[in-house]
Amino acid sequence: MGDKHNAPAGAAGRAPSADRPEQIRNVVLVGHSGAGKTTIAETLALATGAINRAGRVQDGTTVSDYDEIEHRQQRSVQLSLVPIEFDGYKINLLDTPGYADFTGELRAGLRAADAALFVVPANEDIDGATRSLWDECAAVDMPRALLVTKLDAPQADFDATIERCREAFAPDSPESVLPIYLPLREGEPGSDGVPHVSGLLGLLSRHRYDYADGKRVESEVDDALAAEIDAPRERLIEAVITESEDETLMDRYLGGETIDTKTVIDDLERAVARGHFHPVLAALPAPDGSREGVGTTELLELVTAAFPSPVEHVCPVHPGDEAVACDPDGPLAAQVLKVTSDPYVGRLTLCRVFSGTLRPDVQVHVGESDERVGALTSPFGRTQRPVPQAVAGDIVCVAKLGHGATEETLSQPGHLVDLDHWALPEPLLPIAIHAHSKADEDKLSQALARLGGEDPTLRLEQNPETRQLVLWCLGEAHADVMLERLRGRFGVQIDTEDYVVPFRETLAGPATGRGRHVKQSGGHGQYAICEIEAEPLPTGSGFEFVDKVVGGSVPRQFITSVEKGVRAQLARGVAAGFPLVDVRVTLIDGKAHSVDSSDAAFQTAGALALREAAADNVRLLEPVAEVHVLVPDEFVGAVLSDLSSRRGRVLGTEPVGSGGRTAIHADVPELEIIRYAVDLRSLSHGSGSFTRAYARHEALPEAMASRVLKTAEAAR
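The end of the sequence shown is residue 716 by the UniProt record's numbering, with every number in the run present.
Since the hints were made in silico from the structure, they are not lab data. Incorrect hints may appear among the rest.
[Claimed, not checked] Capping the alpha-carbon separation at 27 Å, the derived lysine-lysine pairs in BS3-like fashion look like this:
#	residue 1	residue 2
1	Lys443	Lys400
2	Lys591	Lys519
3	Lys215	Lys262
4	Lys591	Lys548
5	Lys564	Lys519
6	Lys548	Lys564
7	Lys591	Lys564
[Unchecked claim] Ranges of calculated distance between the beta carbons of each label pair, as one might list FRET restraints:
#	residue 1	residue 2	range
8	Gln363	Thr711	56 to 62 Å
9	Ser644	His318	39 to 45 Å
10	Gly88	Arg359	19 to 25 Å
Virtual Cβ for every residue (Gly too), placed ideally from N, Cα, C.
Given these sequences and hints, build the entire structure.
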């Protein structure tokens, strides 16, 4: 690094290609919203000639020109691919959303990548969500590097940012996070009194890389700069040698031997590829749109030299399954990263090829069926550039693939493979919707099915108790995007309504009821009378029906009719429209008519009898969830206090791992956590997460129950 020449730029508009996996680098850009990930992708595309100085390819598309919703919301909401070429390598940059609501897109990017580049602004703290992602990458030994951006922003401090990175990402091994370049600040100070960053100082090469004229100019450092880099250089060399596979190197170094720079660079590259060392670089895009921004070439050199190729990536098979090698000549195994619908091209399926070579017009097995692959393209913004094939390790779009939802596997018929799915967050924010009109209702189910196939973090629920159609989303922004896609992409107008918690009803005490259904309107009439006793049962007991009729007052063939009517009324509820549960109903007497009695008449009478027995005798039950919250230690007090305010019962807390995080276990009424996905994120500055599971129903406090009953009565 720092000893290579600039690679010739590729032609804007031509799709980069690779014939072997060793020529490919798949890099995911990670960082919070606004960190500068998309700007870095555009800067690298400009530096390699993928786009022109106006930031566009031949048809006028930009790197970030991908989704109308992204333009309106001014933030990335989905994974986008930026393929570029440098020094004979194809680099697939995976630009991910930084907002927590779109974690599903981020997870897809992590699955597709072989290394991660964490983008950290020099003027901001590192948020909890970014720390969690670092730990997630560390758990699977994914190689990581850090890129410090916004070096010219007010209060930007490169050295302080390095220390924040070490504290956040490597508290137990701080020497694994060190800069390999330092910003070169020269010229007149800006309005904040800080000189402009005009280039970089290479700690290992002892060279300066000046970008003042828009193109990198390399030279040796003078004595003043040499003195400035001596201390951080020695620290870097010692850290790299510590990770060296040559066990004699440290002894030689401590013995005073000067270690060859090439040896140190080779060891650094190996340590990065193994995920043991995490170099910190700096970058500053050129404000005038010139060819190169500060640090672009250095970053590209690191990516091609130190980040691993797909050959070194372990294919994500299910535990116990046979390993899949990254071999272009092997059987096909590709995984769907995401599915989108383009108004002009139709359905587009973005895939990572893990084994074999994917070609157009071949038969593949996907989902539960076989189908023929259409054209293959390399996406760039909204542009789809044709490619002849995609070898193992590459990422490609397949047009008009009829089947294949996100996470599913494309494999070779006769040699089926099912790659392991990646971890996805559970959607925990409910949004109740209904079609705006009958015409929209006809289109809604198909649109929701397609939307669910595109986004696995969206869960659809048709609640039988509340009779609501519910979209479970990751947050408000995620919900907004889903609703806008329904309206814009699928042409379905929908309305939202308040989410109804699935309460239940039960009897407050024993009671009797009489159901009388007698109608005479000429001809065949209706006649049925029944008397019941109803009493509550312990929670979870369900429904019991007891027949104590004597003397045949209710003919035997109509006993089951009474039970049917009672069960139907239980499902409908008697007070607020919620199911009536945990009750025993005993049929004790009744009357019948030899001609006018019927099954339907006794069903109606049974329902009427239950309604009379339950009149002013109903108690509401609310669902209680078992909630597990995971937060950094500094937020435990605030979360505990908040749970108490939600009528939660804290069951216990326990430390998790060695990263300063605590798990909190509590039982909380579901009525109190409808928006907890949003509230916890705010409370923990984006670093908290939680899961929930239904535990049981408990009695709703009387004052709250009264309000629910009044609302239900008003609705009727």
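Right, here's what the structure says about each hint:
The hinted pair formed by Lys443 and Lys400 meets the criterion: a straight-line CA distance of about 21 Å does not exceed 27 Å. Among the hinted pairs, Lys591 with Lys519 is consistent with the structure: their alpha-carbon atoms are about 14 Å apart, no more than 27 Å. Only pairs whose Cα atoms come within 27 Å are accepted, and Lys215 paired with Lys262 is accepted, the gap being roughly 25 Å. For the hint linking Lys591 to Lys548, the alpha-carbon distance of about 14 Å falls within 27 Å, and the restraint holds.
This hinted pair checks out: Lys564 and Lys519 have alpha carbons roughly 20 Å apart, not beyond 27 Å. Only pairs whose Cα atoms come within 27 Å are accepted, and Lys548 paired with Lys564 is accepted, the gap being roughly 16 Å. The hinted pair formed by Lys591 and Lys564 meets the criterion: a straight-line CA distance of about 17 Å does not exceed 27 Å. Between Gln363 and Thr711 the CB atoms are about 57 Å apart, so this pair conforms to the stated range of 56 to 62 Å.
With their beta carbons about 42 Å apart, Ser644 and His318 fall inside the hinted range of 39 to 45 Å. For Gly88 and Arg359, the Cβ-Cβ distance of about 23 Å falls inside the hinted range of 19 to 25 Å, so the restraint holds.
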